[in-house]
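**Q** Letter by letter, the chains look like this.
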Amino acid sequence: MKSNVRQALLDAFKHADGEYISGEKLAQTIGCSRTAIWKHIEELKKDGFQVEAVRKKGYRLVTPSNKLSEDEIYLGLQTETIGRSVYFYESVSSTQKIAKEYAMNGANHGTLIVADEQTEGRGRMVRKWHSPKGTGIWASFILRPDIQLQHAPQLTLLTAVAVVLAIKDVTNIIPEIKWPNDILINGRKVCGILTELQAEEDRIQSVIIGIGINVNQSTENFSDDIQMIATSLKIELEQTVNRTEIIQKLCYYLEQLLNLYISEGFPPIKRLWETYAISIGKQITARTLKGTFEGLALGINDEGVLLLKQANGEIIEILSADIEIK
Amino acid sequence: MLKIQEIRELIRLVDQSSLDEFKLQHDGLKITMKKNKSVVVNEQPVTKEVEAVASVAQPVTQPVEQATPSVEVQAQPKVEQVEAKEETSAVVDENLHKITSPMVGTFYRKPNPDAEPYVKVGDKVNSDTIVCIVEAMKLFNEIEAEVEGEIVEILVEDGQLVEFGQPLFLVKTN
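Protein sequences appear in the order of chains A and B.
Be aware that the first sequence starts at 1, since it is given in full-length UniProt numbering, and climbs by one per residue.
Be aware that the second sequence starts at 1, since it is given in full-length UniProt numbering, and climbs by one per residue.
In isolation and in its complexed conformation, chain A is listed as follows:
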């Protein structure tokens, strides 16, 4: 984050909710001179904010820009922990890598790393993830939840629910979850989630959740091999979507769901997950390192493990697999 004055200034604009605030009042609230206020507002303008100044009325923040920045994310954040420390990068190898470094250096619970472009974005088993500049949300959250390590995989299902709710709030589209945590719209992938855990002596040090959301890509942005399986919010909605809003909502729902999970355990998260799950009750193919299994997806158990009923009636538990819905 940049200076405290800037942060306080953004807070004041947030409270004003689009109304004018006088320079004097700003100076009083923030505790600095009116000249300092003016200087900081000039800086905000340079960074792409539209600030209107009217004599005798004061300053008003017109519209946030469509660029991603730490300030913009901070401005509309409705959380206490998640996203309160946010670091934005124009271009990074992968936000997971950066987040790991931050985590090792003691970053707080809730720290968010966001990038406008990833050059080495990756998915499961280091599969490449397309992350071109200015189109998507490439983010990693550092969490330090007070839970037992063996339950940590449930956080990946929780994150999927948070992404669904965030997308739903901003776009009115209701996405679906493919086990465990791919997010689909009309059967095409719009978001992938990859989580890494660091532990010491079986105690969680940090859980780093990497999220990639296709927001403003056009069909041409996807290479031929993924055009049929990938989509973006813009393609589905036929209009550009504000990435900052999605990130803010994502922070909000992550925090809400984490609180719920800590106080009541997995059952309420499971119910929400099931509400949006697409794979349940369908014939699926599960590809694992130990072979391919086909059958009916019965649901998930209390740990979040997928239950698959094969043609011969055998029910198997799936912990790791690529799922294809028929």
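It is worth saying that the hints were derived from the structure and are not from the lab.
All the pointers check out, no bait thrown in.
Below, a sample of chain B positions facing chain A; criterion: calculated Cβ distance under 8 Å: (1) Met-103; (2) Val-104; (3) Leu-139; (4) Asp-158.
Don't be surprised by glycine CBs; every beta carbon is placed ideally from N, CA and C.
Mind docking chain B on chain A? Use the hints.
**A** Relative to the frame of chain A, chain B by itself:
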């Protein structure tokens, strides 16, 4: 029909009790558990629990497999775990450290299918050397050796399902 978790819980209870023998008939399923007293005397508590599993695992696995085949997936690694433990006890005086799995999941020896394994038998490791990944539901847990020494045995194979607490590697420490 009993679930594998319930059977495990039974084993645990019997193991902690002063019973020498335990029999149960339920829904056409017969379970007999016997404690091997000589083992109890010689071995550490951890091994004792596993020995109890060993004597039960074989008879239980078959009837259960037919009725609730979900057990099959769970049962297999359990039996392998027992074998692994037996090997352990054979070399127990060599000062071997076990690296165990902190969660249920899939064991990966390498970061991706085309890559080299994290460690091989004979490799020297220190406390923060990554030895493998255990993954469940797309949560990847990089397991560190947490001791200094040499990998002398890898107890599970790539892609295998591992249980909570299951030994993965044997490390010779000095």
